[in-house]
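Student: Each chain is listed here by its residues.
Number of protein chains: 2
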Amino acid sequence: MSRGEIKRLFEPESVAVIGASTTPGKIGYSVVRNLRNGGYEGKVYPINPKADEIWGYKVYAGIGKVEGPVDLTVITVPAALTYDSVKEAVAKGTKYITIITSGFGEVGDYETENKIVACANEGGARILGPNIFGVFSAAGKCNTTFSANNILPGNVAILTQSGALGIAMIGKTAAANIGLSVMASIGNKSDLDEADCLEYVIRDDSTKAILMYVEGIKDGIRFMDALRRATAVKPVIILKAGRSQRGAMAAASHTGSLAGSDEIFDAVIKQCGAARAETLEEAFNWCNFAANTPPPKKHNFVIITNGGGIGVMATDACETYNIPLYDDQNVLKEAFTPMTPAFGSVKNPIDITGGATSTDYNLALAASAATKEVEGVMALYCETATFDTENLTPMVKETYKKHKELGKAIVYALVGGELVSDSIRALQKDGIPAYSDVMHAVSSLGVSYNYQNYIAKKHDAADWAKIDTAGINSIIDRALADGRSFLLANEGSDVMKAAGVAIPGSEVAPSLEKAIELAEKMGYPVVMKVVSRDILHKSDAGGVILGVKHKDDVIAGYDTIIKNCKKHNPKAVIDGIEVTEMVSAGTEFIVGGRRDPAFGPVVMFGLGGVYVEVMKDVVFRALPISRDEARSMVDSIKAAKLLSGVRGQAKRDVNSIVDTIIKVSTILNECPRITDIEVNPIVVYEEGKGLKAVDSRIMIAK
Amino acid sequence: MSRGEIKRLFEPESVAVIGASTTPGKIGYSVVRNLRNGGYEGKVYPINPKADEIWGYKVYAGIGKVEGPVDLTVITVPAALTYDSVKEAVAKGTKYITIITSGFGEVGDYETENKIVACANEGGARILGPNIFGVFSAAGKCNTTFSANNILPGNVAILTQSGALGIAMIGKTAAANIGLSVMASIGNKSDLDEADCLEYVIRDDSTKAILMYVEGIKDGIRFMDALRRATAVKPVIILKAGRSQRGAMAAASHTGSLAGSDEIFDAVIKQCGAARAETLEEAFNWCNFAANTPPPKKHNFVIITNGGGIGVMATDACETYNIPLYDDQNVLKEAFTPMTPAFGSVKNPIDITGGATSTDYNLALAASAATKEVEGVMALYCETATFDTENLTPMVKETYKKHKELGKAIVYALVGGELVSDSIRALQKDGIPAYSDVMHAVSSLGVSYNYQNYIAKKHDAADWAKIDTAGINSIIDRALADGRSFLLANEGSDVMKAAGVAIPGSEVAPSLEKAIELAEKMGYPVVMKVVSRDILHKSDAGGVILGVKHKDDVIAGYDTIIKNCKKHNPKAVIDGIEVTEMVSAGTEFIVGGRRDPAFGPVVMFGLGGVYVEVMKDVVFRALPISRDEARSMVDSIKAAKLLSGVRGQAKRDVNSIVDTIIKVSTILNECPRITDIEVNPIVVYEEGKGLKAVDSRIMIAK
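Chains as they are written, first to last, in the numbering used here: chain X, 1 to 702; chain V, 1 to 702.
Keep in mind that the hints were calculated from the coordinates and are not lab data. One should not assume that every hint holds.
To be verified - Listed next, the in silico BS3-like pairs over lysine-lysine satisfying Cα-Cα at most 30 Å (straight line):
(1) X/K514 - X/K458
(2) X/K638 - V/K616
(3) V/K689 - X/K563
(4) V/K87 - X/K651
(5) V/K549 - X/K689
(6) X/K641 - V/K347
(7) V/K401 - X/K270
(8) V/K347 - X/K218
(9) V/K218 - X/K563
(10) V/K549 - X/K616
(11) V/K563 - X/K651
(12) V/K218 - X/K347
(13) X/K641 - V/K218
(14) X/K141 - X/K43
(15) X/K551 - V/K347
(16) V/K616 - X/K549
(17) V/K347 - X/K638
(18) X/K549 - V/K514
(19) X/K549 - V/K549
(20) X/K347 - X/K298
(21) X/K567 - V/K689
(22) V/K616 - X/K616
(23) V/K638 - X/K270
(24) X/K549 - V/K638
Excised from the complex, chain X in its bound form (with noise of 0.2 Å):
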């Protein structure tokens, strides 16, 4: 089934309701009055074998007996009448059917789910739900949900895959005076899911700003895909419950399906180039802002306010949000000085000061539109005894308009009482960015502003290296004849060589002579280390000597390894003494990656050595990537200060790690029976003289 032709689930032209009531407060009632009461023009078939007329409609006994073909079925029956009711909606030759009753998936009967999904299927139909309260289009004036309110038409689409949240969220929006183009409870997810219901919102005209309520995904690649070409043309913000590791449980039985990882989730919208909001409050500004207001496509903001202390906090968020202030003193003193006091300033924040009039603002405002230099503006305003507070509301209109026409981006910060937030009302109906929060303005600007530069550049780059595939296979092969899930110390070394990551010298020796040899020709230090596919932590078993200087050492240690793996594990099978040059120590770094659930392969690259697991100073990237998408990888954690030179020391070969985590991703891509690789630690030596992978760790799966 094609993309496009979801359209007639949200724009259907006749819309069946099986269970429709004639008793108030019944869903089967709501729905076919929330039909009527929005205006659709379609057809509208009530079908319940008890009545004979439903607000006004027809109704019918049984879909069967409806004259006309039938786009979309919306089925309020109990759950143990569902199956049926499916089996004649499709039969009649519907295309879409929305389940709203609940009892299926979400209780742990997924025989029955299965079981209906898999008729409309055969039958060529498509579910949403079950366990939603509907769906509704600004487009098709086509409300099925069983919201209690009408729904304000708009230019916000909402997709939520919770029911609760959603019916709250229309009338939290309606107060909060934001439209809605389109809303979808996603429900189970039997069928269809938020992919699909992206498709017809990335289509649809009237949505210019897209809210998506988030549990957990199940589809991860098809859902990253969807999304990639959603924010290609129009904001999404995504709020998504579970962050804690008990929030996360709590989702889970929410929804009866793994919520998958946090950490991964977040990093994977983020490279889609979705924002994320954490409260509802969040969500909704910045939709708002997002759906009326172009994106800022210039980068010279200035704040101007009339206290200082808003100034110094929309200073701190415009930091949070990487809002970049303009600093010329020049132009800012030109263009600010007529209208700020002496004990004002007119450096960035520009504070004109509690004295400040609505002439004030007026000629601060004029000055930032007439400055070609600055070009974009918050304005922050105290309420103060001296401000005529009855010009509020003009002034901002006319300053926003005379901004808006210039192509400069202006947003609104108004904190005062009752009246200060009667005209943050009035300027809010008429779609200007009036917010009563510091935070609430420069975050809902500063997400604008991300998207854009996220937009502005090309992501479709997908970088890979050339490595040994057939090399790394015939070593997964041998492992997996071998019965392990896991490859020895010597296989990852194999592997690393197969990619052309660098790697210390190093070889096997099977018998103490050898060691010596081996040592000998690659010079002291060197570390030894058991080669068994019986000992899987070599340093907790006591298989690991670093450091070791000398032929005597080598002698000692030879022994002592297979004395203390021999206790630890009395059957071992020991192959042999791995001796390693040893890497000069130095900050330690880890790029690894893993197949997740639900985005597949994905790289990582962080702060290595023990400080993974501790200081977490680690990022996710869902593959393919560019290399690019590496270097930003490598810049985005907090130790990439180590790279660049700390106290005196030499800049450390970035390159390298760009190299190394193309060169991972590589291995990911065509080496699907890999399931886990850790290289970890890598130490990364001066500009120009690369790096050494000590150690990984790879897992691997049939």
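Fit chain V to the given chain X structure using the hints.
Tutor: Frame of chain X, contents of chain V only:
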């Protein structure tokens, strides 16, 4: 002047207003009007040579003409006339003078400001301001601000450094139905400051919670003392902008004084039991809750919700605010099964599902009230089509009352449209903690809960170590006599010895022969380091050789160091080579301290080595601290997990770190000439085996 006396600033029996005016819009007009409209019952003396009567009060040509005594004088005349007015007020015997006028320190005119304060203090008077918008006290029915609004009396005290924000807060709190007990604008803090105003609100019975807006603290030690005494009796919420570097710069230019280190400020106020809000909205929510709801003294909380999504959001927020969720499945099952459908959840969060009516909420909240193990509740509600919204307000009122009577904390988050907003407003008017966003509700409860936990602990203990202060002082004497502002490596080691901090075995060899003797005695490997007053950065000069493993290497190393250092600085006087036992590598920590310009001696602990500046995983405490507090420092860094044994390593000797923190604190306390101390790296061994301080950096001043 004793503390109690400041009462007359807030509750004067008589007020003179110098610069009182008959012209509406003038500050001198508004102040007299606000006194009248605020219902002030004391005597009011408007001072103006050209008027007869203002707002019904008799006008005096000069303050000297007033018959009775004047407790408080408010000055609103221009800056040029202010000094003379103060002089007259002092001559009249007034004890408190608030100077609304601006144009002094904040624009650089410290001279006049200082002259004014000197004049007042000599005459036994105290100044609040200049550059303020005034003072309000509900207990005194005394509003000497020029705010346009009537102030809603209540139980939250606001002390604000920003005037414009203060006036805006009057309106914003009134709109949010938050009544004020005190509003004081602190301004330039030429004489009285926030610590003085805290003294009043600590004693003011009508104040139940304190909100402070702070930009920078001058006298941190007095501030901490007042803040500690304040949090001992009422909750304090502090809003401070300037967290970002640029924000701090903006704050500095706004207040005219350095904002100081935000990280130290943050540490200090938490140490003193205050909560820090990031936005005005947070500050208002938290204060309102804290002022109206007794802090929860118990620990077992449940979340009750009709929407899984908001339940998960609340669970996430509980982790952020350290709210413990109750988990006895048997108890929860028994209590909540009756009103929870099979497709809901009786695990915490309790999900009574979107089908819940007010009856179901009443049953669920009756169960939480009746179940003795459940000690606190977060009740969440998503507006749904099935809920009887007209019963929302009564349901909340009734269930709130029931929990309150039983001493159980309860908070409500009600998410929905206009009707739900109306309900929230009505509930808030009755002092019931109902919020429109899950985060607002949970964070308000969490801040109050954490405050209660702070109160439950004793914080006044100060632990010190026994150290050889005389020994340290003589080291400092010699170094100062030598013209240095820092200690040499060996002197640093001697300070460590004097304080009882274990260091690697080490001695200075004035000759090669002695160096060989020392190395052979200590055992290889050793470290060799140059000792020279002329070389501070030893590594940069090539003055350090690590891992010297043999007598021959000592000979070669000695020669190399001398050559390198002579090359680095041909004039360097070299006292010898320090030979040091080489400490086996391990995770490195730092203990340090410095004298903060505002808060005095501060001790620091964190992840050491090169990670200090990069990872910034460090914590600060102002002195003195107890061993318990030192232990809490150790536990609160991210890298703490490295001490409890990761990847099969043994637990580290945390006690020895606590000892070292107390020892470094004692050094800072007893040796005021030490300005900066950094013991880094510190290698910590297994439990019971102590630590070794490998290096230290100590700065001194006369």
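Student: Hints first: check each against the structure and report whether it holds.
Tutor: We went through each hint and held it up to the structure:
For the proposed pair X/K514 and X/K458, the alpha carbon gap of about 53 Å is over 30 Å, so the pair is violated. Distance restraint check for X/K638 and V/K616: the Cα-Cα separation of roughly 9 Å lies within the 30 Å cut-off, and the hinted pair is therefore satisfied. In summary, the hint linking V/K689 to X/K563 is supported, as the alpha carbons are separated by about 27 Å, within the 30 Å threshold. For the proposed pair V/K87 and X/K651, the alpha carbon gap of about 64 Å is over 30 Å, so the pair is violated.
Restraint check for V/K549 and X/K689: satisfied, since their Cα atoms lie roughly 27 Å apart, inside the 30 Å limit. Of the supplied pair hints, the one linking X/K641 and V/K347 is violated, its CA atoms being roughly 45 Å apart against a limit of 30 Å. Only pairs whose Cα atoms come within 30 Å are accepted, and V/K401 paired with X/K270 is rejected, the gap being roughly 45 Å. At most 30 Å may separate the alpha-carbon atoms for a hinted pair to count; V/K347 and X/K218 meet this at roughly 24 Å.
With a CA separation close to 66 Å, the supplied pair V/K218 and X/K563 exceeds the 30 Å bound. Simply put, V/K549 and X/K616 have alpha-carbon atoms about 36 Å apart, too far for the 30 Å limit, and the pair is violated. Annotation: proposed proximity of V/K563 to X/K651 holds, straight-line Cα distance about 27 Å (limit 30 Å). Simply put, V/K218 and X/K347 have alpha-carbon atoms about 24 Å apart, close enough for the 30 Å limit, and the pair holds.
In summary, the hint linking X/K641 to V/K218 is not supported, as the alpha carbons are separated by about 33 Å, beyond the 30 Å threshold. For the proposed pair X/K141 and X/K43, the alpha carbon gap of about 12 Å is at most 30 Å, so the pair holds. Our distance criterion of 30 Å between C-alpha atoms is broken by X/K551 and V/K347, whose separation comes to about 63 Å. The suggested pairing of V/K616 with X/K549 is violated, with an alpha-carbon distance near 36 Å, which exceeds 30 Å.
Restraint check: the Cα-Cα separation between V/K347 and X/K638 comes to about 38 Å, which exceeds 30 Å; the hinted pair is violated. Among the hinted pairs, X/K549 with V/K514 is consistent with the structure: their alpha-carbon atoms are about 26 Å apart, no more than 30 Å. For the hint linking X/K549 to V/K549, the alpha-carbon distance of about 10 Å falls within 30 Å, and the restraint holds. About 20 Å separates the Cα atoms of X/K347 and X/K298, which keeps this hinted pair within 30 Å; it holds.
At most 30 Å may separate the alpha-carbon atoms for a hinted pair to count; X/K567 and V/K689 meet this at roughly 27 Å. With a C-alpha separation of about 14 Å, the suggested pairing of V/K616 with X/K616 holds against the 30 Å cut-off. For the suggested pair V/K638 and X/K270, the alpha carbons sit about 25 Å apart, so the restraint of at most 30 Å is met. As the CA atoms of X/K549 and V/K638 are separated by approximately 36 Å, the hinted pair breaks the 30 Å bound.
In this structure, the hints that do not hold are numbers 1, 4, 6, 7, 9, 10, 13, 15, 16, 17 and 24, in rising order.
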